[in-house]
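Chemist: All chains, please: the whole structure from these sequences, using the hints.
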Amino acid sequence: MGRKKRCIAMLLAGGQGSRLGALTKDIAKPAVSFGGKYRMIDFSLSNCSNSGIDTVGVLTQYRPFELNSYIGNGQAWDFSSVDGGVFILPPYETQTGGKWYKGTADAIYRNLGFLRKFDPDYVLILSGDHLYRMDYRKMLDDHIRKDAIATISTMRVEWEEASRFGILSTDEDGRITKFEEKPEHPESNLASMGIYIFNTDTLMEKLVEDAKDENSSHDFGKDIIPKLLGEGQHINCYQFSGFWKDVGTIPSYYETSMDLLSEHPQFVLTDDKFPMMSNSNIYPVQYIGEKAYVENCIINNGCKVMGKVRNSILGIGCIVREGAVVEDSILLPDCEISFDARVTHAIIGEGTVIEGGVVIGDADGEIAVVGNNERIKLGGEEA
Amino acid sequence: MGRKKRCIAMLLAGGQGSRLGALTKDIAKPAVSFGGKYRMIDFSLSNCSNSGIDTVGVLTQYRPFELNSYIGNGQAWDFSSVDGGVFILPPYETQTGGKWYKGTADAIYRNLGFLRKFDPDYVLILSGDHLYRMDYRKMLDDHIRKDAIATISTMRVEWEEASRFGILSTDEDGRITKFEEKPEHPESNLASMGIYIFNTDTLMEKLVEDAKDENSSHDFGKDIIPKLLGEGQHINCYQFSGFWKDVGTIPSYYETSMDLLSEHPQFVLTDDKFPMMSNSNIYPVQYIGEKAYVENCIINNGCKVMGKVRNSILGIGCIVREGAVVEDSILLPDCEISFDARVTHAIIGEGTVIEGGVVIGDADGEIAVVGNNERIKLGGEEA
Amino acid sequence: MKDVIGLISANFTTEDMQGLSDERSIASMPFAGRYRLVDFALSNMINAGITAVGLVTPYKFRSLMDHIGTGSAWMLDRKKGGLYILPGSTYGMSSRSDRFLLCDIRQNDIFLRRSTSDYVLLTASNIIWNIDFRPFIRAHMESGADITMLTQRGVRKNPHGRKVHKEGEKVLGISTGVDMEDDVFLDTFLISRELLLQFLDWYSARDYLDIFDILKDDYEKMDIRTWYYDGYARMVFSIDNYFNANMDLLDMDINGAIFDEHNPIRTKVQDCIPARMYPESSVRNSLISSGCAIWGEVDGSVLFRGVTVEEGAIVRNSVIMQSCIIKSGAIVKDAVIDRNNLIGKGMIIKGSSNDIYVMRKEQRIARRAGS
Amino acid sequence: MKDVIGLISANFTTEDMQGLSDERSIASMPFAGRYRLVDFALSNMINAGITAVGLVTPYKFRSLMDHIGTGSAWMLDRKKGGLYILPGSTYGMSSRSDRFLLCDIRQNDIFLRRSTSDYVLLTASNIIWNIDFRPFIRAHMESGADITMLTQRGVRKNPHGRKVHKEGEKVLGISTGVDMEDDVFLDTFLISRELLLQFLDWYSARDYLDIFDILKDDYEKMDIRTWYYDGYARMVFSIDNYFNANMDLLDMDINGAIFDEHNPIRTKVQDCIPARMYPESSVRNSLISSGCAIWGEVDGSVLFRGVTVEEGAIVRNSVIMQSCIIKSGAIVKDAVIDRNNLIGKGMIIKGSSNDIYVMRKEQRIARRAGS
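Protein chains in written order, with the numbering used here: chain Z, 1 to 383; chain D, 1 to 383; chain A, 1 to 371; chain F, 1 to 371.
Fair warning: there could be bad hints in the mix.
Partial pick of chain Z residues on the chain A-facing surface, computed with a CB cut under 10 angstroms [to be verified]:
1. Ala76
2. Leu228
3. Tyr254
4. Met258
5. Leu260
6. His264
7. Pro275
8. Tyr287
9. Gly289
10. Leu314
Here chain Z is said to cover these stretches of chain D; the calculated rule only asks that three of the stretch's residues, wherever they fall, bring their Cβ under 8 angstroms from a Cβ of chain Z [unchecked claim]:
11. 63-77
12. 85-95
Take a look, some chain Z residues computed to stay more than 12 angstroms from chain A by CB distance [said to hold, decoys possible]:
13. Gly113
14. Asp142
15. Glu295
FYI, nobody ran anything at the bench for these hints, they're computed from the structure.
Please read all numbers here as calculations on a predicted model, not as lab measurements.
Don't be surprised by glycine CBs; every beta carbon is placed ideally from N, CA and C.
Modeler: In structure tokens form, the structure reads like this:
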């Protein structure tokens, strides 16, 4: 079955991302649209593909249909299908019944058979909902050079934000001396990005131990890493530099998206050598009508703009009818903003129709969010 | 999203098939090898593809990894990927928690969203582990002509076997008047093949009703069909003629397989216009050695035969070493029968190694079965 | 539609493309921002359920093959049927515009012989349309005609078009050059596979003729009919045809009919970042592809992928192909600019509405990656 | 190996194939039951991690394209890189055996210019081997040589082979015709992309020469080295080469080395039922492909897909290609039978071990579907 693998990736994509509210009511967080044509999982998958990792297991659990369909066989990210590819790993039933994944570590534990099948030297553990561009080869090289049993990728965060992260301390060689999950009084501002490399043997052994531990919540950050540190194991800290973001809340989703419209966006989508790939259907070219007004926008394939659009991101296949106004807003794919409707400071879910004359959001208020596949009528909402 | 679909298929592939014992210890029954290069699910998928059905939902639950990897994006069966394709539908978690599929009807019920997405006029419900060649278009034509709300495909079975099946009685127009699941004293020998066509509206409505019914076991044969008949609904009986088999037990698996070696097999694998397709890796051509002896065999790609093989089926990638003897046996893919080992009247699981000198089975006894990925040593078994 | 196989002819050319087709076939002419002309023939075939399609390639097939790639964009990467790349004769190199050369078909007769389908749908690769071939196919099958030619009432004069002469329903012949209101042959016809193979035998000595030329003496004897199509269809033989067809897509109705989401025109997928309109830009009545970055003014134009229009630059009534850069203050009007061109600062490029200016590829900058 | 792109030359031919390559290129010669010769070049490239491969096609490319299809069998159906089908010059039509014609490369220079990789690995499409190119690539990169040629000690006389003349480590030139123990050039070399592009410029007037011919005056000036490969490798220029290479695969060791499951040689997938040996058959020392049905005797032979050997028929020391039928009582010995042939009842076809009988395709039966 081809050659022994050096490193395969396990991508955790099971979470709901409940803080994204209406946006994840019917799809998993890694399937949430970003930048109008991408989905959150594109970034991790593209990173893997660009880093020469040819085998990825995707652990799903929460409403995986859109995600599964989107990932398909991984060809959209240049994962080959003979030796490797992308494999969806849902919870499953065995002779003794079915079990849901109880935590990040448990999800991997239930798929030890998958790891054994590919028998890699190293396992890279990722989240499917982070926004960043990273060459994992550099992290792997560092892991090997340091001869650690595990490596955690980290970056410096603002001190005031530090208590939202797993925070580490290291010695001068980058060996981790302390790890605290969301500490109230952080000792450092070096935050875990939730990206781990493990020697496969160690990982398997520790997951088996953890599975037997009834007091464990079966989470990498809360259980596995502290346990290893407690044992005095050599866990290496890899310092990533660049943009990285876990877009976990509506405000952070909105801000991170809108930053794409700034003069110098923090996250640059284009890079010929390390491209962010996505699985797009064919949509026709963006159409800007005779009476349209477009100012400072990102507009994707299949959009038809007949109205006015300012400081906004239009996802693939969006239609803005004559007389409609969209300002400071994000339209997820396949929205329709009908005649004379007005959308301001809002996020409109996929496939949602804002009917004629409806007004959504206002410039000074909170970000207005409309879920996926809704139809908003004048004088009341209707699904 | 392309055009409205006329008919899509829902393929039930969640079952363990526990009566196949060691063969389904680690894989689902639809993934069990047949004929050396096929897997049980190939036949239903090929039937769909050859019948012009371009969208198939595959409902999985029990150990789906091999099955999922095997199905991939369905390209091996010429399912296109833009408008339709093959979609794996595992149980999933929602905001209110995760639920396993409780029965065949429940499995479809949990995926009503999938049906709504494709919005077909008709839904074809199939099992993923039956051996047959059938053009579903004929059944659909019959369903439409009879203007029924559901159609069940049936065939005549031996009277003594009838109590193993769902048995129906019809009036002269083929309208079903009675349906009994495994009756002790069958009134007819017309057996349900577990293949249903439903008008989509009816199906959805009935599944919603059934889901609310606490006394239901959520099974098509046991609950949905009897309920519909009780309501006096028009359920049509389609009579299939040809070979059909639910290979559910070791003896029936063995006999059905070995029949491929008879002069006129009941199930003909080859048919240019209606081919049985499979998802094969590339294996080199069958090698028959200088000292080999081969008599009345089916030998697949990647086999290397240096020993003696009689009345046997060798799956892809099997190796029979010098001095080894294989008689009246089925070797599933990637077995190795080592020097001077002897396999008689046996089924050897995938990837299993029979070490030198080991003797498995005998001509007069029961069928010997060795599971997948075992290594059988002289003087004792070892996994 | 397993009863029908498709055969697309891409081995013909004209001299009226003003250099745009020098290094590519007409079939691989970029169109409407992200498509190539051949996309229409391929998509219409597969949308009609045809799953085995032969594509007769021109001698210069590299750009076409780059585009076609695997055929997977058209779901033609299949075990049964699929896309067959068939070498055209070198005869197509001379700028002859015969669409269905007998020799092109003969040297690929294996494609026909191997098939078990009853009918062959032949079409040219230079037609912009979104047609449902199914009623056409049904009509042919039901009529029992030997050949059914797809026609349309002429909408403008075209010296390259072919006019169908009829008496009642019977086709008497065709001639080159069409006018308004003529019955124009849309270079698309249905024929039984057997009959097409017979033609190859009967006219084995006359390879370098179009199939409709050899029929000259046979129109009388055969049952050749027409089927009328009243949807939008334009054939591209010249730079004017090409320019006008691009501009037609700025009409919402035509755009909607051609790019119908239920019968999509498919093309090769390329990852490209979304289009970006910057604060000072002004864009109206235009197609702006992904990868474009617009600071300046664009009106009544079609911009392909990755075009940059700098601050103060103006693009009007023009077609700008992939990766061009219009530098600040430059003006482009009534022009077709082929890919990888740089229009320098303040430069003015102007054609007129009845004499479109054409700039061939990579004229103004050092050779860059791309084709 | 994103640093290396591959270029496979399939635009050459020889006259020594006794008609087997009349309608197909050498690259698309069927081999070892289910492969085509080009599979080795493609598989070795991708097994070395090369993901962008250009394939220079011969003029008669239909059978090659049928086989290559989407490139998906070699995982070359990709967004970044992938398989590029490059038209060869018509020069390859004349039975010239130059492997790396300058004009073939020039007319596809866009493939080189578009790339960002540093090196180009060029190889011919007629070599049977399973080589790990990675140490070769590493050696070239580390040495800093201008060109590294892959060589092997000659195992038999071959008038088509090319001999490398060296002084110490320095290559002085090559000549045609090799003998036992000569340094044989395996028509595979590494060069920097920049240098290859420079060659195209320097020798722009000398299109119809092999790249190693134009180097004649430059061997002195350049750092051209060799890298020695000691695995199994055979080049096919003649029917004898072809026959012997097929027979080599009946040797378990060679078979195992070529069809190494960890570095698989990939080919187009075709659904085919398993091989069936009936009760009275006798099969020994042979390769029997899927779809074969054997009632008779087969010994020391290679049978391609779908071959039928009826009761009492005997096949010895022969290569029988796809879909042939050997009727009852017929005898085939020391022969190569091209596809779709029917060897009638009781017919005897015999060559001798040093003069293999060759039957071209579809000689004995009416034309059937297939190629």
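Chemist: Indicate, hint by hint, whether the structure satisfies it.
Modeler: Results for each hint:
A cut of 10 angstroms between beta carbons decides the hint on Ala76/Z: the least distance to chain A is about 8 angstroms, and the hint holds. Look at Leu228/Z: its Cβ only gets to about 39 angstroms from chain A, farther than 10 angstroms, so that hint breaks. The interface hint given for Tyr254/Z is broken, as the beta carbon of that residue sits about 17 angstroms from the closest beta carbon of chain A, more than 10 angstroms. The restraint placing Met258/Z at the interface with chain A is violated, with a minimum CB-CB distance near 13 angstroms, outside the 10 angstroms limit.
The interface hint given for Leu260/Z holds, since its Cβ lies 9 angstroms from the closest Cβ of chain A, which is under the 10 angstroms cut-off. About 12 angstroms separates the beta-carbon of His264/Z from the nearest beta-carbon of chain A, more than 10 angstroms, and the hint is not met. The interface hint given for Pro275/Z is met, as the beta carbon of that residue sits about 6 angstroms from the closest beta carbon of chain A, less than 10 angstroms. With its C-beta approaching chain A no nearer than about 6 angstroms, Tyr287/Z sits inside the 10 angstroms limit, and its interface hint holds.
Annotation: Gly289/Z was flagged as interfacial toward chain A, and the flag holds, the nearest CB pair being 6 angstroms apart, inside 10 angstroms. A distance limit of 10 angstroms between C-beta atoms decides the matter here; for Leu314/Z the minimum to chain A is near 8 angstroms, and the interface restraint holds. Counting residues of the stretch 63-77 of chain D whose beta carbon lies closer than 8 angstroms to any beta carbon of chain Z gives 8, which meets the minimum of three for the stated coverage. With 10 residues having a Cβ less than 8 angstroms from any Cβ of chain Z, the stretch 85-95 of chain D passes the three-residue criterion, so the hint holds.
With a least CB separation of 30 angstroms from chain A, Gly113/Z remains clear of the 12 angstroms interface cut-off, as annotated. At roughly 29 angstroms from the closest C-beta of chain A, the C-beta of Asp142/Z stays outside 12 angstroms, upholding its exclusion from the interface. In this structure Glu295/Z is not separated from chain A by more than 12 angstroms, as the shortest Cβ-Cβ distance comes to only about 6 angstroms.
In terms of the numbered hints stated before, the structure departs from hints 2, 3, 4, 6 and 15, listed from lowest to highest.
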